[in-house]
Amino acid sequence: MSNGPHAKLAELGLELPEVVPPVASYVPAVQSGQHVYVSGQLPIAEGKLLATGKVGAGISAEQAKDLAQRCGLNALAAVDSLVGLENVVKVVKLTGFVASAPGFTGQPAVINGASDLFGTVFGEAGRHARSAVGVAELPLDAPVEIELIVEVA
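Going by the working numbering, the first residue of the sequence shown is number 1, and it counts up by one from there.
In short, the hints are calculated from the structure, not lab data.
Ideal Cβ placement from N, Cα and C applies to all residues, glycine included.
It is possible that part of the hints are untrue.
Label-pair restraints from in silico Cβ distances [stated by the list, open to error]:
#1 124 x 25: 32 to 42 Å
#2 62 x 102: 13 to 23 Å
#3 141 x 4: 29 to 39 Å
#4 17 x 131: 16 to 26 Å
#5 3 x 105: 30 to 40 Å
#6 83 x 13: 18 to 28 Å
#7 131 x 66: 17 to 27 Å
#8 46 x 83: 34 to 44 Å
#9 83 x 124: 14 to 24 Å
#10 15 x 62: 16 to 26 Å
#11 136 x 7: 34 to 44 Å
Please take these sequences and the hints and turn them into a complete structure.
Here it is as structure tokens:
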């Protein structure tokens with residue numbers, strides 16, 4: 001069996017979703033040179049936001065971690081549709097935004113949902129630089145959003 005990114009996703013029991021259509025005036029991903037820049041991805045599945053609200057008030061950190069993984073899957077779908085996951089040579093930078101209730105400081109653990117996914121799917125090439133930021137509000141009242149930069153062959 002192949003050990004490529006699609007096979008790793010299958011081992012996890014995951015499959016790439018359809019690319020989430022933009023909710024405003026942008027495209028899901030753009031290639032510039034050897035890098036693909038993925039627009040902010042929300043935890044959307046089958047056209048629906050999976051949850052709304054603030055992490056630490058109505059959304060648990062563990063639920064938010066699962067939502068961050070979904071954001072990661074959506075980001076991978078955008079990359080795959082543009083250049084193919086098999087062409088990713090390095091996950092360079094992940095930026096995660098967590099709509100946080102006052103006093104919630106667990107943003108890094110939430111964004112691990114996406115980071116862990118990339119590490120599993122790409123192995124050493126999935127290790128990346130990262131920021132995990134708490135914010136007051138996200139589009140559509142989403143609890144989590146991520147941006148991704150990958151290097152491609």
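Ascending list of hint numbers which this structure does not respect | 8
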